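> Read off the chains here:
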Amino acid sequence: LAKTTQPISMDSYEGQEVNITCSHNNIATNDYITWYQQFPSQGPRFIIQGYKTKVTNEVASLFIPADRKSSTLSLPRVSLSDTAVYYCLVGLILTGGGNKLTFGTGTQLKVEL
Amino acid sequence: ETGVTQTPRHLVMGMTNKKSLKCEQHLGHNAMYWYKQSAKKPLELMFVYSLEERVENNSVPSRFSPECPNSSHLFLHLHTLQPEDSALYLCASSLSRGQGNEKLFFGSGTQLSVL
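Protein chains in written order, with this note's numbering: chain A, 6 to 118; chain B, 283 to 397.
Isolated chain A, as found in the complex:
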């Protein structure tokens, strides 16, 4: 089971770059790394997904080192509206007794003026 570990919370200010790291030491060969954002009383929303090296889209970048045992979500120039909980999810394969679609505690990001 690919368990993930993230910081419980992070604080930042508007305009800064925020990097949130997720550890996943027992990631499987077929596992991708996916990050979600959740606002209060809403469902999580897909942000970005990657397998190795670097992935960038219009909202974030994802850095994955060669050993894939960790990943870093990078949010450039955050704003107040980026205040949310960010989840790292590894793999989605459902097998008997295998990986489950389990979300960790996530990282509560608070952005201030």
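Note that these hints are calculated values from the structure, not bench results. Bear in mind that the values here come from a model prediction, so they are computed numbers and not experimental data.
Below 20 angstroms or equal to it, Euclidean Cα-Cα: the simulated SDA-like pairs (lysine to any residue) are:
hint	chain 1	residue 1	chain 2	residue 2
1	B	K323	A	F44
2	A	K115	B	P324
3	B	K323	A	T10
Sample of chain A residues facing chain B (criterion: CB under 8 angstroms; computed from the structure):
hint	residue
4	Y37
5	T39
6	Q47
7	P49
8	F51
9	Q54
10	F108
11	T110
12	G111
To list a few chain B residues with every Cβ distance to chain A over 10 angstroms, as calculated:
hint	residue
13	L293
14	M295
15	M297
16	K304
17	E306
18	L309
19	G310
20	L333
21	E349
22	H359
23	T362
24	D367
Where is the CB? At the ideal position from N, CA and C, for every residue including glycine.
Model the placement of chain B on the given structure of chain A, informed by the hints.
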């Protein structure tokens, strides 16, 4: 809009009531999920359906009864709930059961209060 619609958005029920939560996805996905999220806690996976067949039941009490009549619709039937069942119930879908790179699409959830 994520393409996953949940109704009702809010629900208050007594412990002896019977109610149902509904989820509909317009994405052509083949897998659907129920998650429970209690206040300030991580999401807990409850049930997983793939092509209308239940493939996962994560030790959920029998007072929660899922139903998946087709790949676009998912229900969660509730009866004789307890106050500790009050939570945000989230439905999600994905293209398939999982090839390692699936993405989950969530609805906005049903905020349930059991009195």
